[in-house]
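**Q** So the sequences go chain by chain: A and B. Per my numbering, the very first residue in the first sequence carries number 1; after that it's consecutive. Per my numbering, the very first residue in the second sequence carries number 221; after that it's consecutive.
Please note: incorrect hints may appear among the correct ones.
Covered, in the sense of this in silico footprint (three residues per stretch, anywhere, with C-beta under 8 Å from a C-beta of chain B), are these stretches of chain A [stated by the list, open to error]:
| no. | region |
| --- | --- |
| 1 | 101-115 |
| 2 | 173-179 |
| 3 | 194-200 |
Hint data in this document are derived by calculation from the structure and do not stem from the laboratory. Note that the Cβ used here is the ideal one computed from N, Cα and C, for glycine as well.
Each chain, written out:
Protein chains: 2
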Amino acid sequence: MDIDHLVEEIVKELTNKHAMKNSNDKYLVPIGVSGRHCHLTKSDFEKLFGSEASLTKKADLSQPGQFAANETVTIAGPKGSIQNVRILGPLRRKTQVEISLTDARKLGVTPPIRESGELMDSSPVTIIGPKGSIYLKEGLIIAQAHIHMNPEDAVRFNVKDGEFVRVKIINESRPISFEKVKVRVSPNFVLEMHIDTDEANAADVKPGTFGKLFKLGGPI
Amino acid sequence: MDIDHLVEEIVKELTNKHAMKNSNDKYLVPIGVSGRHCHLTKSDFEKLFGSEASLTKKADLSQPGQFAANETVTIAGPKGSIQNVRILGPLRRKTQVEISLTDARKLGVTPPIRESGELMDSSPVTIIGPKGSIYLKEGLIIAQAHIHMNPEDAVRFNVKDGEFVRVKIINESRPISFEKVKVRVSPNFVLEMHIDTDEANAADVKPGTFGKLFKLGGPI
Numbered sequence: 001m002d003i004d005h006l007v008e009e010i011v012k013e014l015t016n017k018h019a020m021k022n023s024n025d026k027y028l029v030p031i032g033v034s035g036r037h038c039h040l041t042k043s044d045f046e047k048l049f050g051s052e053a054s055l056t057k058k059a060d061l062s063q064p065g066q067f068a069a070n071e072t073v074t075i076a077g078p079k080g081s082i083q084n085v086r087i088l089g090p091l092r093r094k095t096q097v098e099i100s101l102t103d104a105r106k107l108g109v110t111p112p113i114r115e116s117g118e119l120m121d122s123s124p125v126t127i128i129g130p131k132g133s134i135y136l137k138e139g140l141i142i143a144q145a146h147i148h149m150n151p152e153d154a155v156r157f158n159v160k161d162g163e164f165v166r167v168k169i170i171n172e173s174r175p176i177s178f179e180k181v182k183v184r185v186s187p188n189f190v191l192e193m194h195i196d197t198d199e200a201n202a203a204d205v206k207p208g209t210f211g212k213l214f215k216l217g218g219p220i
Numbered sequence: 221m222d223i224d225h226l227v228e229e230i231v232k233e234l235t236n237k238h239a240m241k242n243s244n245d246k247y248l249v250p251i252g253v254s255g256r257h258c259h260l261t262k263s264d265f266e267k268l269f270g271s272e273a274s275l276t277k278k279a280d281l282s283q284p285g286q287f288a289a290n291e292t293v294t295i296a297g298p299k300g301s302i303q304n305v306r307i308l309g310p311l312r313r314k315t316q317v318e319i320s321l322t323d324a325r326k327l328g329v330t331p332p333i334r335e336s337g338e339l340m341d342s343s344p345v346t347i348i349g350p351k352g353s354i355y356l357k358e359g360l361i362i363a364q365a366h367i368h369m370n371p372e373d374a375v376r377f378n379v380k381d382g383e384f385v386r387v388k389i390i391n392e393s394r395p396i397s398f399e400k401v402k403v404r405v406s407p408n409f410v411l412e413m414h415i416d417t418d419e420a421n422a423a424d425v426k427p428g429t430f431g432k433l434f435k436l437g438g439p440i
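This is chain A alone, in the form it adopts within the complex (with noise of 0.2 Å):
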């Protein structure tokens, strides 16, 4: 990790000590964004990049275990490609194609919103590596926005595992509020609300912004 990231670092945990500090603020969750990614299983990565092949970590993810590879692909579909889409570590055992709204209008496709591994009648998707290409059938997805939390964090936010709650983004430029955020709980996660880059730019989210969670069925 060089100087610069870890000043980043250690501003983000100050930003976030403060912001947990001060208002109301057991409530707030940190805010990620995912860009367009793809997950792969082995079968698939040795068709796209060879046999001999290995998956290679650029960046540990906020998730422990899950890493940003080296390694990218092309992604396309009836009316354009995408190229440069990151592989997400580590393999899986289903391909899964993670785009956002804007992408899929380029693509040609009408991808559903959905959780991460659930691509029954998603859609069709062709990733094409430097030594082979795959066509799925489905397996191509717009994730619907959650929250990955342990535990602990659900008790103190009264929410349970598969619940949906209502995200206010705190900022002053753009102000919104996701309104059916998945809440995800297990002891492996680490606190952090995921989106897709049309929902962070529709928010003006920057790094080190915070959401504040409200239990669905209040009054607004």
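Chain A is already provided as a structure; the job is to place chain B on it using the hints.
**A** For chain B alone, kept in the frame of chain A given last:
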């Protein structure tokens, strides 16, 4: 689609209809999506299209007198360019280009979120037409979400020109609330909320989507 899913869909549909019928629908606002576009002065139009050219109507817009022109331009910044940017007519007293944050990243600029016409210290942009090119030191903005309404609407909503309100988008797939929406009142306006393509994608806005207006300062 299995029976549970079908029942769920039916319930959703009925809930929706019920919501629209009941009292609160006097607070509903139709949502219009503004793609990237530009407004030109007569002088700038002539620099781009030649002094013999005139702006021609392709389609009327929702606000009386406003139209999408057949003519388009290319806009460019330090990192890239975007073709086929629609000119909206009629010609104005100031040239202004409105794009999304997604577009801004592509051009390599960081325009402020502004109301139409508020161009001081906005971003520079190059506009290229078939007969020439112009460089604006400022004029590029990301549009502040706003609602056009006439004075009768304003009375009904109990809001004033310039007031900020909250608008909750009504849909099942990606409901979000815009927490900072500017009200603009004029006898010439037709009721419609305008958001950009990032905001529309974040809320999965389709033709016929409505939002519900709330006064700010409520409990959440």
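**Q** Give a verdict on every hint.
**A** Each hint, compared with the structure:
no.: 1; hint: 101-115; verdict: holds (count 3)
no.: 2; hint: 173-179; verdict: holds (count 7)
no.: 3; hint: 194-200; verdict: holds (count 3)
Comparing the model with each earlier hint shows no violations; every hint is respected.
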